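Student: These are the residues of each chain, in order.
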Amino acid sequence: MHIQPILAALRRHKAGTVLIALQIALTLAIVCNALFIINQRLAHIDEPSGVDEANLFVIANQWGEQYSTQEAVERIEQDLVTLRQLPGVQDVTSSNNYPIRGISNDNFITMTPDQRAPTSDAAYYMGDANFVRTLGLKLIAGRDFRPEEVQNQGLRQTVDPSVAIISKAMATKLFPNSDALGKHFYAMTPNPITVIGIVDVLHRGDVSTWSAPYIGESMIVPVRPADPYGIYYIVRTKPGQLAAAMRAAPKALYAENRMRMIDPKDGLLSFAQVRHRAFESDRGMAILMSIICIVLLAITAAGIIGLTSFWVGQRRRQIGVRRALGATHRDIMQYFMTENLLISLGGLAIGVVLAFGLNLWLHIHLELKVLPLTYVLGGTVILLLLGQGAVFAPALRASRVPPIEATRPA
Amino acid sequence: MLKMTHLSKVYRTEVVETYALRDFNINVKEGEFVAVTGPSGSGKTTFLTIAGLLETFTGGEYHLDGVEVSNLDDNARSKIRNEKIGFIFQAFNLIPDLNVFDNVEVPLRYRGMKGPERKERIMSALERVGLASRAKHYPAELSGGQQQRVAIARALAGTPRLLLADEPTGNLDTQMARGVLELLEEIHREGATIVMVTHDPELAARAQRNVHIIDGQVVDLAEDPRFHTAYTAAAGQVRS
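Residue numbers (UniProt numbering), protein chains in the order written: chain A, 1 to 410; chain B, 1 to 240.
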């Protein structure tokens, strides 16, 4: 390759060279970080909830009358029986919350009652003896709740559970060096809670980034929320029966008791809908970043095509002279491809520094994780290929300049 | 060295065919210094571009150094241009972005010559034209005569079998033109075959042999009085 004379020629065209190199540098810096953000968002969207999402739906039930705790308990029991009797329904439970709903009920967790800084801020699910089974959670150690362990909790009442089933992530956080089963922890009360079971995965209710340090840290306590104003029913259907059961469930509940409200928009959601809503902003951000990447890459490609086309037009006679002196089509192609490669490499060298600089800024101000080197390498390869692809057509045009061009008047 | 037989070059448009060369015959022997003269539009430059394989021809035969070139593909023609032909253009045709050294190096790079040999040849060629001290200068920093000397060095560096010069002094003043011409004569004395297209009868007179082209054909002015008047008039116009 004729690098030295190409570099010498580029030194005589500083403005165009520097502009394209800077454009490539900026594009690399932005595209690397954008791809990293996209990947993080996609990973977030794909976070496992731990539940049998394909066969679950949720009903947000609001009562139309003010019930006492006992009345609410009775109503809930009756609703669970009604739902359980629907065709295609496998199991039903009630809870204060459900995974990836978008909002968590959470409790600071300490290892001693007087510990100041909490060890965890765990998502706090109330569930009966059907909770684990209905959600399809995978119990990997210990046991499920027994019916006699379940307590009712009415409005403004506090119950103090003595046992809990916790997620593996929480078990690892609380007891990193030993088996969590049978061990105790505290959830903002002076009474210890004993770990009786561990489930493999149980996502928190929220999906926001603030809880990233506590990702997957969740606990279930044997409590049935008997809130007179509302509750969530979580229904698990047999495979393929979800849609039919979802249609039948509100009708059956209204038939059983009309003094309730199930919001037609948000009150009845399949878990697919729950997931879709929960990660809407992540999806939006991923799409926005993708568009930014595509637009930037397109602008850079257009810049390279524009400048190379301009240079080909400007150097038409010079190309003719080179052809007259023995350059083949391939030599001319190679000249422009190499020229672009050298500009790109210069731009990419600056771009690598800018990429890490931008990431540092995002890390400090927006808590973005540290950019892995693979993204920079990937971005470098993408931009090199883009540059070579963009320069191909003008270079091909240049290679077709005939040697007779050398004799044409300037 | 250079033999064209019944060669023709036709430029066609949708409505008209124009013969730039018609039944064109020429035979330049190795070591000859031939001046090709003729009025404007006679076909001198077309002859030179075809001779230099810068352009294809329509009919006839052209043997260059014993090779029939009409059926050669573009790569083979590029290779012959690079290895056997040296060009000297009226407008010098140096590459403005490259310094003198790099300009002379261009054909040698396309030949795939190794660095040390290239450098030796370049410096030798530049010394030959008296510009070794200007190797790092750019064309814009040189006079017209110096630029043409660089172009000659570029042509010589590749030790071509045939040197084609198109009005090599056309853009130079008298003193510079004389210098360039003396250089060409010196190169010829050393054995090079030179074909030079020129308007200038005085310049043509310095060549070993003159070939006159009128209306795309080689004519012998002495034996064909039909063209005598036209030639004299054309020569007179150039002088004035």
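I should point out that these hints are in silico values taken from the structure, not numbers from a laboratory.
Please note that the accuracy of each hint is not assured.
Calculated pairs, SDA-like style, for lysine to any residue (alpha carbon to alpha carbon, straight line, at most 20 Å) [stated by the list, open to error]: (1) K119/B <-> P5/A; (2) K119/B <-> A8/A; (3) K136/B <-> T328/A; (4) K114/B <-> K168/A; (5) K79/B <-> K173/A; (6) K114/B <-> Q85/A; (7) K84/B <-> I26/B; (8) K136/B <-> K79/B; (9) K138/A <-> Q90/A; (10) K136/B <-> P5/A; (11) K79/B <-> I404/A; (12) K136/B <-> Q90/A; (13) K84/B <-> T328/A; (14) K84/B <-> G31/B; (15) K79/B <-> R400/A; (16) K84/B <-> K14/A; (17) K79/B <-> K168/A; (18) K119/B <-> P113/A; (19) K14/A <-> K119/B; (20) K168/A <-> N107/A; (21) K173/A <-> P113/A; (22) K114/B <-> L7/A; (23) K114/B <-> I404/A; (24) K114/B <-> H2/A; (25) K29/B <-> T5/B; (26) K136/B <-> L7/A; (27) K138/A <-> K173/A; (28) K114/B <-> I3/A; (29) K79/B <-> D263/A; (30) K29/B <-> R111/B; (31) K136/B <-> P160/B.
Stretch-level coverage of chain B by chain A, calculated; a stretch enters the list once three of its residues show a Cβ under 8 Å from a Cβ in chain A [what the hints assert, rightly or not]: (32) 34-42; (33) 160-171; (34) 186-192; (35) 198-211.
Quick caveat: nothing in here was measured; it's all calculated off a predicted structure.
C-beta: ideal position from N, C-alpha, C; glycine also.
Student: Against the earlier hints, flag every one the structure doesn't satisfy and list their numbers going up.
Tutor: The structure conflicts with hints 3, 4, 5, 6, 8, 12, 16, 17, 18, 19, 23, 29, 30, 31, 32, 33, 34 and 35, although it agrees with all the remaining ones.
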